[in-house]
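Colleague: Fit chain B to the given chain A structure using the hints.
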Amino acid sequence: MGWIGDTVDSVKSIQIRQLLTQAVSLGMIVTSALIIWKALMCITGSESPVVVVLSGSMEPGFKRGDILFLHMSKDPIRTGEIVVFNVDGREIPIVHRVIKVHERQDTGEVDVLTKGDNNYGDDRLLYAQGQLWLQRHHIMGRAVGFLPYVGWVTIIMTEKPIIKYILIGALGLLVITSKD
Amino acid sequence: MHSFGYRANALLTYALTILALMCTIASLSDNFNFPSPSAEIQVLNFNWFQKQPDGNDEVSFTMNITADLQSLFTWNTKQLFIFVAAEYETPQNSLNQVSLWDAIIPAKEHAKFWFQIANKYRFTDQGSNLRGKEFNLTLHWHVMPKTGKMLADKLVMSGFRLPEEYR
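Order-wise, the sequence lines are chains A and B. Numbering (full-length UniProt numbering) for the first sequence: 1 to 180. Numbering (full-length UniProt numbering) for the second sequence: 1 to 167.
Calculated directly from the structure, the hints in this document are not laboratory data. Owing to the predicted nature of the structure, the values given are computational and were not obtained by experimental measurement. For every residue, glycine included, the Cβ atom is placed at its ideal position computed from N, Cα and C.
Straight line, CA to CA, 27 Å or less: simulated DSS-like cross-link-like pairs of lysine-lysine: (1) A:Lys-74 <-> B:Lys-154; (2) B:Lys-146 <-> A:Lys-63; (3) B:Lys-149 <-> A:Lys-38; (4) A:Lys-63 <-> B:Lys-154.
Just a sample of chain B residues kept apart from chain A, beta carbon distances all over 10 Å, derived: (5) Thr-17; (6) Phe-46; (7) Pro-53; (8) Gly-55; (9) Glu-58; (10) Thr-62; (11) Thr-74; (12) Ile-117; (13) Gly-132; (14) Glu-164; (15) Arg-167.
Next up, chain A with everything else stripped away, as it sits in the complex (with noise of 0.2 Å):
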């Protein structure tokens, strides 16, 4: 094959000059990926603003691999909104629905139970060991937008780490060998 010819014989013929446009062209690659991540962040007020699916509690609705973009805004939270959540003492944010709101009529605090459109009963079990129900701190957003398939990448990613380690390889090797 030439083209493997070919590439052993760019990566030979490497110069510091161009190692160092590569180096910088790659750390630009890098730094927009993060601009763009903590910029989502910003706008959507969301510490994570994409969260894959990773259970099949919310099926049909939501599939395993499947991606939902998150907003946390000041609205109230009220029943029917799909919510992610995070429980004390546990490290996955859980993605279901609301269904169930009691708001306090001096401080405005809520007290919100979940569950999964799949699950028979409500999340209760869920919860932290005599938590009955969820306050305002533990949701981190609820989700607006869906889009099918596309979280697989990651989860196959972190599943098998040595697709991870030859994807970063070959791209990597993809950057050096690059002629402009």
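Modeller: Only chain B this time, still in chain A's reference frame:
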């Protein structure tokens, strides 16, 4: 310049751009649908109404739900999630929303329906304020798209009242 890798990259980028554009257009096309859903809920019978040992009032009733939500479906609609919530105000809480029943409507053919059901989820108050309480029954729907923005809306039906005495 015109190597295999370069061409594969260009093709992949182009395909992904077109796909993203099509998803965006599909989602935007939902804006041209102006639905006119209709619904009616009747409370037929209060099955029981008690104060639980923990001090919270709980009630169970049977209701009649008639609705025509066919106009909510577009080509970008995967399914409709609908639920009925009781909404009321108490001295302690400015808003209580309690989901009583829900369903998933997978296709337009099933979006015109009639149900007679008792509440599927417990109608429990935070405290003991339900005797003689006026409440709304609201039919909410959540349009879940094949791709793009999720839409939600509701129809509020007011003028329901719980019994004055436990039974």
